[in-house]
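Quick mapping for you: the protein sequence lines, in order, are chains F and L.
Mind the numbering: the first sequence is residues 0 to 255 in numbering that gives the first Met the number 0, read in order.
Mind the numbering: the second sequence is residues 0 to 255 in numbering that gives the first Met the number 0, read in order.
Hints may be right or wrong, so weigh each one.
Each pair may be met inside one copy or between any two copies, as identical chains are not told apart.
To be verified - Pairs of lysine-lysine, BS3-like flavour, derived with a Cα cap of 25 Å: (1) Lys254 with Lys147; (2) Lys17 with Lys1; (3) Lys17 with Lys147; (4) Lys3 with Lys147; (5) Lys147 with Lys1; (6) Lys3 with Lys254.
Derived from the structure by calculation, the hints contain no laboratory data.
Number of protein chains: 2
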Amino acid sequence: MKKKPFILVTNDDGVQAKGIAMLTEIARELGDVLVVAPDAPRSGQSSAMTVNLPVMYHELERSDAFTQLACTGLPVDCVKLAFSQQIPHLNRRPDMVLSGINHGSNAAINVVYSGTMGAAIEGALYHVPSIGFSLCNHEPDADFSAVKAPFRAIVEQIWREGLPQGVCLNVNAPTGAIAGIRTVRQSRGCWRNEFMTSAMPHGNGVCFWLTGEFVNEEAAAQDTDEAALNQGFISVQPVHADMTHYPTLQNLVFKM
Amino acid sequence: MKKKPFILVTNDDGVQAKGIAMLTEIARELGDVLVVAPDAPRSGQSSAMTVNLPVMYHELERSDAFTQLACTGLPVDCVKLAFSQQIPHLNRRPDMVLSGINHGSNAAINVVYSGTMGAAIEGALYHVPSIGFSLCNHEPDADFSAVKAPFRAIVEQIWREGLPQGVCLNVNAPTGAIAGIRTVRQSRGCWRNEFMTSAMPHGNGVCFWLTGEFVNEEAAAQDTDEAALNQGFISVQPVHADMTHYPTLQNLVFKM
Chain F
0 MKKKPFILVT
10 NDDGVQAKGI
20 AMLTEIAREL
30 GDVLVVAPDA
40 PRSGQSSAMT
50 VNLPVMYHEL
60 ERSDAFTQLA
70 CTGLPVDCVK
80 LAFSQQIPHL
90 NRRPDMVLSG
100 INHGSNAAIN
110 VVYSGTMGAA
120 IEGALYHVPS
130 IGFSLCNHEP
140 DADFSAVKAP
150 FRAIVEQIWR
160 EGLPQGVCLN
170 VNAPTGAIAG
180 IRTVRQSRGC
190 WRNEFMTSAM
200 PHGNGVCFWL
210 TGEFVNEEAA
220 AQDTDEAALN
230 QGFISVQPVH
240 ADMTHYPTLQ
250 NLVFKM
Chain L
0 MKKKPFILVT
10 NDDGVQAKGI
20 AMLTEIAREL
30 GDVLVVAPDA
40 PRSGQSSAMT
50 VNLPVMYHEL
60 ERSDAFTQLA
70 CTGLPVDCVK
80 LAFSQQIPHL
90 NRRPDMVLSG
100 INHGSNAAIN
110 VVYSGTMGAA
120 IEGALYHVPS
130 IGFSLCNHEP
140 DADFSAVKAP
150 FRAIVEQIWR
160 EGLPQGVCLN
170 VNAPTGAIAG
180 IRTVRQSRGC
190 WRNEFMTSAM
200 PHGNGVCFWL
210 TGEFVNEEAA
220 AQDTDEAALN
230 QGFISVQPVH
240 ADMTHYPTLQ
250 NLVFKM
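My request is simple: use the sequences and hints to build the entire structure.
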């Protein structure tokens with residue numbers, strides 16, 4: 000194995016979540032660790048950044064091998080801050096970014112909405128191997144014990160073998176027994192019936208709470224993340240930030 | 000031309016921005032219009048959603064041909080709300096989504112961070128033709144007059160010809176004279192030196208303001224959005240929400 004990595008751990012459920020505690024445990028078995036994670040839950044924040052306010056942090060723990068910071072920002076802010084090398088006492092650049100373990104699935108279209116994956120994509124933009132991990136159980140007290148060994152094996156393999164520049168991984172684990180690990184593409188899908196309305200006081204009408212149902216638009220496909228998860232496999236999707244739809248490039252001509 | 004479309008207009012600079020006024024003007028020349036836009040600037044919000052608070056709106060204007068709502072949410076919330084068909088007096092489903100005109104470039108990696116493009120991608124997930132428009136000038140009083148004719152021509156062509164399901168467009172215009180329109184791929188790039196530190200009171204150290212410099216990692220390429228813009232062309236990038244990096248799919252095998 001190569002030198003011991005300096006691993007940045009972050010998430011979107013906040014620094015106190017159970018999932019990041021398990022990912023931090025995995026990371027500390029493999030290298031020195033810096034945790035920079037939101038000081039409270041920041042789910043569904045995608046690649047959003049804090050634009051009109053400053054970002055701050057406070058230190059929860061600091062030693063040579065382990066530093067833990069709680070940040071007022073979003074997941075992407077946490078990664079940017081860690082790579083900025085402007086934090087006093089911390090000018091080591093991370094060798095690897097691990098994000099999660101998210102409480103809930105980031106398969107299919109959720110990769111686009113996910114703050115966990117926003118952070119992993121950000122790590123890839125800094126040209127280090129980056130992985131977002133999720134367990135398909137959104138309960139705060141979800142049991143992460145079954146995924147520790149396979150997630151650790153994935154981290155070790157990626158640290159050993161690397162990833163192509165600009166590519167990160169979206170790793171999702173099913174609940175229950177794990178049948179194996181499959182490399183897969185993103186299933187086409189979307190959310191529908193997305194709001195619950197509830198009354199506001201003083202006759203002010205209704206407000207809208209986000210909810211909804213996920214629709215898998217490729218339920219018959221066998222090579223997708225959704226299919227792998229439904230069959231008890233951990234899904235590994237290679238992800239990149241190039242959103243160009245290449246087939247359309249050839250067919251689209253505008254005149255002026 | 001087909002029937003007159005019912006067009007949803009949104010943005011991330013807020014309902015009062017100059018850019019959305021121009022896009023609304025274009026839309027009203029072509030069809031009936033519903034504006035659902037953030038009640039204040041929401042730049043850099045990507046595909047983020049409002050998860051832990053309700054979303055509300057207030058009506059600024061309402062007639063059969065034109066309704067304008069200011070929403071407390073993020074750009075993606077605005078699109079979800081418009082398609083929810085839960086707004087009283089409004090159960091027409093939009094036929095098309097136009098987002099912008101953004102004050103500032105959404106070319107290259109900015110497509111990932113952009114709330115303007117988050118909204119356009121969301122429109123594609125509702126299976127209607129969707130376009131995000133930007134002008135490479137981030138000033139609040141930017142002059143949008145030169146882009147009106149070419150942007151309107153793009154909207155008309157897409158309404159006539161449609162887009163493949165799940166594909167939307169990221170349209171960026173240069174400042175100054177416009178040489179033409181080019182369909183292009185996303186340039187590889189990233190942001191660096193991203194924080195300005197500034198002191199906090201009471202000896203509390205520093206806080207971090209987002210800033211930074213864009214680095215085009217493919218400055219020599221001729222087929223990218225950045226190259227088109229640098230040569231005075233409007234860039235049109237076809238965008239989709241499948242973030243899978245297909246070349247890596249073949250090479251990545253995990254054992255358990």
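| message | Taking the earlier hints as the rules, which of them does this structure contradict? | response | 2
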